[in-house]
Amino acid sequence: MLKKLQLKKHALTGISFMLPLVVASGLLIAIGNIFGGNPDVITNYKESYTIWQAAVTLGVYGMSLLPGVMGAAIAYSIADRPGIAPGLLMGMIAQNMGAGFLGGMLGGYLAGYFVELLKNHLKVPKWAQGLMPMMIIPLISSIVIGLIMFFVIGGPIAWLSEALKNVLMNMQTGSKGVFGAVMGAMAAFDFGGPVNKVASLFADGLLMDGVYGPEAVKICASMIPPFGVALSWVIRRSRYTKSETDNIKIAFPMGICMITEGVIPIAAVDPIRVILSCSIGSAVGGALIMILNVGSMVPSGGMFIVPAMINPWGFMLALTVGTIITALLLVILKKDAKQEEAVVLDAEEEEVDLSEIKIS
Amino acid sequence: MKIVGIAACTSGIAHTYIAKEKLVTAAKELGHEAHIETQGTIGTEDELTAQQIKDADVVIIAADIKVGGKDRFQGKRIVEVPTHIAIKSPKALLNKIEEEIKK
Chain A
203 MLKKLQLKKH ALTGISFMLP LVVASGLLIA IGNIFGGNPD VITNYKESYT
253 IWQAAVTLGV YGMSLLPGVM GAAIAYSIAD RPGIAPGLLM GMIAQNMGAG
303 FLGGMLGGYL AGYFVELLKN HLKVPKWAQG LMPMMIIPLI SSIVIGLIMF
353 FVIGGPIAWL SEALKNVLMN MQTGSKGVFG AVMGAMAAFD FGGPVNKVAS
403 LFADGLLMDG VYGPEAVKIC ASMIPPFGVA LSWVIRRSRY TKSETDNIKI
453 AFPMGICMIT EGVIPIAAVD PIRVILSCSI GSAVGGALIM ILNVGSMVPS
503 GGMFIVPAMI NPWGFMLALT VGTIITALLL VILKKDAKQE EAVVLDAEEE
553 EVDLSEIKIS
Chain B
23 MKIVGIAACT SGIAHTYIAK EKLVTAAKEL GHEAHIETQG TIGTEDELTA
73 QQIKDADVVI IAADIKVGGK DRFQGKRIVE VPTHIAIKSP KALLNKIEEE
123 IKK
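Sequence lines, in order, name chains A and B. The numbering used here puts the first sequence at residues 203 to 562. The numbering used here puts the second sequence at residues 23 to 125.
There's no promise every hint is true.
Quick list of in silico lysine-lysine cross-link-like pairs, DSBU-like style, CA-CA up to 30 Å [claimed, not checked]:
id, chain 1, residue 1, chain 2, residue 2
1, B, K76, A, K211
2, B, K92, A, K560
3, B, K125, B, K76
4, B, K118, A, K399
5, A, K378, B, K76
It is worth saying that the hints were derived from the structure and are not from the lab.
Construct the complete structure from the given sequences, taking the supplied hints into account.
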């Protein structure tokens with residue numbers, strides 16, 4: 203049943219629609235703050251304002267659209283086009299009630315499934331068929347789910363979001379370090395796989411609610427594995443075969459762009475040692491990020507967005523330390539590669555359970 | 023087999039294209055013909071033509087998110103998998119599909 207609902211796919215569709223918006227908005231805020239010296243958001247357009255104020259204001263507008271876009275995209279993923287209007291509205295409710303990201307997601311799910319229900323079960327006479335997508339579905343779903351959002355679930359979610367935010371904002375140095383370490387290890391653990399996505403989703407959610415640390419942890423932990431592997435190759439080349447070396451040369455520039463996946467071919471050959479080294483390095487990096495109060499308003503972009511971060515030098519320090527630890531662990535743990543292994547690399551396909559695949 | 027398909031991932035900048043590459047290469051090595059359309063953040067690239075779809079024995083959708091234009095595949099046999107399966111074991115996937123189709 204849960205599998206049939208495809209909750210994860212809808213959430214990922216939401217994230218996928220939201221990413222360009224959040225990158226643009228986050229960078230606008232960061233650029234405005236850096237060059238304009240933290241200018242105020244424009245509140246009165248009758249008075250004069252600077253270009254940096256305009257940048258920050260536009261970024262803030264963009265950020266406030268996020269729950270709406272999230273809700274709309276999730277509802278679209280579930281119910282196709284008719285989901286967009288009600289999903290957008292539910293996200294706006296969430297945004298204004300302070301239920302943020304969680305509320306936007308939940309609103310999107312509810313709106314999407316409700317629209318799907320209406321599409322499949324509400325029968326109207328032939329003359330009213332044209333009214334279905336244009337009036338009946340958007341109106342009824344907005345009223346029903348809107349009422350639920352306003353009067354039933356909006357309040358508790360707003361409270362929950364606020365509580366979560368408070369816990370994270372008021373953490374002491376020790377728990378900050380632990381939190382950063384766990385996030386970092388999770389983000390690096392499977393190089394962009396499901397565990398990474400959980401950490402990533404969490405960081406993106408907090409970003410929308412104005413907590414910027416976890417996002418910086420995510421960025422740092424996504425870059426430590428490729429950087430660490432590359433550094434370990436520089437230190438001790440004999441640890442890698444010829445074809446692994448080729449892969450590392452691709453993985454490093456990908457790492458600069460915050461794409462961790464280049465490390466997968468290296469990890470596939472020697473998973474335990476590589477994953478262990480990368481996770482430990484990233485955990486240390488993550489802990490440092492949180493302790494040094496580094497933050498990022500931008501969820502992706504790799505090295506290019508480091509100048510736009512809160513405390514960029516702290517970020518560089520965490521990244522460097524994490525990279526060195528990962529590299530040293532790799533050098534110590536890994537054995538010298540047997541060069542003839544390169545021949546079997548073509549058969550590097552992983553065993554994946556294909557039994558669930560259905561052809562319809 | 024003649025294969026058409028769509029690849030799409032969450033961030034739409036990396037996995038989408040890796041999945042396409044892996045599927046096309048694996049298909050070639052196994053003696054199949056594959057055309058894969060990418061639906062990345064930049065939009066749709068290498069859009070499938072009506073002829074390619076008409077000729078295809080099977081449609082592979084390797085996606086983590088909702089893909090557009092599924093109505094083009096009406097009446098076709100469709101396989102839906104997450105991108106990581108196409109990336110990690112494209113050949114096993116193709117072999118499995120071939121086996122199922124022959125049944």
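inquiry  = Tell me if the straight-line CA distance from K118 (chain B) to K399 (chain A) falls inside 30 Å.
reply    = 28 Å, holds
Agreement of K92 (chain B) and K560 (chain A) with the hint, judged by alpha carbon distance not exceeding 30 Å = 17 Å, holds
Agreement of K76 (chain B) and K211 (chain A) with the hint, judged by alpha carbon distance not exceeding 30 Å = 28 Å, holds
message = Does K76 (chain B) sit within 30 Å of K378 (chain A), going by the straight-line distance between their CA atoms?
response = Between K378 (chain A) and K76 (chain B) the Cα gap is close to 57 Å, so the pair fails against 30 Å, i.e. violated.
Given hint K76 (chain B) paired with K125 (chain B) - CA-CA distance at most 30 Å = 21 Å, holds
The structure does not agree with numbered hint 5 stated previously, though it agrees with all others.
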